[in-house]
Amino acid sequence: MKKPRTLFDKIWDAHEAVPAGPDHPAVIYVDTHLIHEVTSPQAFALLRERGLRVRRPDRTWATVDHSIPTRFVEGRPAFLNRATRNQVETLERNCEEHGILLFRMGDPGQGIVHVIGPELGLTQPGRVIVCGDSHTSTHGAFGAWAFGIGTTEVAQVLATQCLLQERPHTLGIEISGRLGAGVTAKDLILGVIRRFGVAAGRGHVIEYRGGAVRALDMEARMTLCNMSIEAGARAGLIAPDETTFEYLEGREQVPSGDAFAGLVARWSRLPTDEGAAFDRSLSFDAGSLEPMVTWGTNPGMSCGVSEAVPAPADAEERAALDYMGIEAGRPLLGRPADVVFIGSCTNARISDLRAAARVLAGRRTNPATQLLVVPGSAKVRRQAEAEGLDEVFRAAGAEWRAPGCSMCIAMNGDRLSPRELAVSTSNRNFEGRQGPGGRTVLASPVTAAASALAGAVADPRPFLQD
Amino acid sequence: MDPVVRIASRTVVLPADNVDTDQIIPARFLTGTRRDGLGASLFADWRRDGAGELRPDFPLNRPEAEGSRILVAGANFGCGSSREHAPWALTDYGFAAVVSPSIADIFKGNAVRNGLVPVEIEPSAHRQLVSRPGAEIVIDVQAGSVSLPDGGSARFELAPFARRCLLTGRGPLDFLLEREAAILRYEQGKDDDAAAP
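Those protein sequence lines, which keep their order, are chains A and B.
Our numbering puts the first residue of the first sequence at 96, with every later residue one more than the last.
Our numbering puts the first residue of the second sequence at 78, with every later residue one more than the last.
Careful: at least some of the hints might be erroneous.
To be verified - Label pairs and their computed distance ranges (CB to CB):
no.	chain 1	residue 1	chain 2	residue 2	range
1	A	G116	B	E143	41 to 49 Å
2	A	D409	B	R132	21 to 29 Å
3	B	S230	A	R514	44 to 52 Å
4	B	G127	A	G424	25 to 33 Å
5	B	R83	A	E347	22 to 30 Å
6	B	Q219	A	E261	16 to 24 Å
7	B	P200	A	G424	55 to 63 Å
8	B	G129	A	G424	31 to 39 Å
9	A	G146	B	E143	39 to 47 Å
10	A	G352	B	R241	47 to 55 Å
The hints are simulated quantities; they were obtained by calculation from the structure and are not laboratory data.
Every residue gets a Cβ at the ideal spot worked out from N, C-alpha and C, and that includes glycine.
When you get a sec, could you build the whole thing from the sequences and use the hints?
In structure tokens:
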């Protein structure tokens, strides 16, 4: 009998173009390479310096997302400055020169790289997917091994379609229980990171398992895997199942008919075998979670929305509270919010916007709070508009923007002023992440929407009772 | 990339744990298309105040930090964003090594590929270095050792390939290009070439 293997083991084994030797790591073949304007220009420059071509333009997909404007002035994109415009134009030239399909601004397929991959059906179980972006872990929701790489590695993949990889360890996280009403996948991953720490996954690929994970829809699974990097893991995986197959069927890059049935048969063999061992195992109960909010400057510094902010345990936590202007000993509830940002590769899919709209419908945001809703892709934007969600957002007082990373990374001019506080559905509350001196409270779309109504950090649950 | 064999320098100590790459180089400095020139923006929001003035108490700004090539940092250094601009900024500023009890995965790989030596040492040795900012130490990449202020030394691990990259200045791209035949064989044997037309 064959040795039982984990989902990760199976993907690894199928992608070893050259096994590891005594003096080199394995050569891993990359099925799908996603690129964007910020971490690719230096990679193309390296190719040019070395006289190299892109080996598989057909396996390479490009979009613009990080530094593009989400506002238009007189019908033209309002770039922050010449540099950001130049990055976009550089990507356009590079894609043209190397025959790579690029989703430009205004293109119906454009969007945040980790939103469009799944949308197109490029993200498929068993694939190796890389991108010069740490939130590539998102695609692991489909049972793909997906991880962020540096720009030199982007050049390696462009030139050879391969990467040298030391084999990571595996970490199984068994998640039991059921998420309560108003508690989402975002709260779940924040709870996991709080419990196990921001470095728990270092050197590991996480596999999220158990009933609470199986119960999540694909978009919620993406939110969960998205923040694996915030737990220190380059990749997070969820075994493919009926939920996965149903999501993928009929997508543009997924074959149909018998070919699809064949793929489903193949994908069904991917889940971790009975008896397979993880290098480490942890367990977590989702049932006791309430909506989570971060109070500090890394994603592990969080608590339940009604829970008192814990007393600082060390100098790092003291510095974080000081930066945030937050006092320990009482809940964040009621802390005024200058901005609410609903967007990013963590929480800007259609289900996120629907959830936020449900809270906002028929209500008005607090006039002191700016609400920014930035869909994750052009497709999400169209779908939201078809459902009238944009009207709900506008009627509530929100700004409805064009798709992009926007205030998650604050490269495009969408940013906080010093000491402003945002309740944000993004993934990082690092110092200055949303603008120099800006303060970020990470939360789910429903918590963010409720906070926009209250003008302060709010519990979404009272808004969801009807 | 130049070979790195031995680094002898005074240290600069930045003891905070979980220093993320957004602190090493804030995102607003990522709008360029070149690898060089990022040293000026290293730790921008810690080195300078809101008015753009240097903060005299920030470790990198103290006179004794001038010319240091070794950064002693806290645990989980380089977590967060995969931006290779982080090691680019550190090397452009003049650093040749980062010494920490633990370095985040993506950053560690990016560091090696840019000749920045990631030195992970055990906590007691690290505490000694943190308590002695400005100590003169020597990092021996071949031996995998760091000299300590008390006259002892600490070991650090590097994967054999990473060590060779640092010592020879030859990165993985050359290795991969030399495996073209094997990659082609693998590619042709792949039965799920879904990306092919």
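(request) Hints the structure violates: just list their numbers, smallest first. (result) 5 and 7
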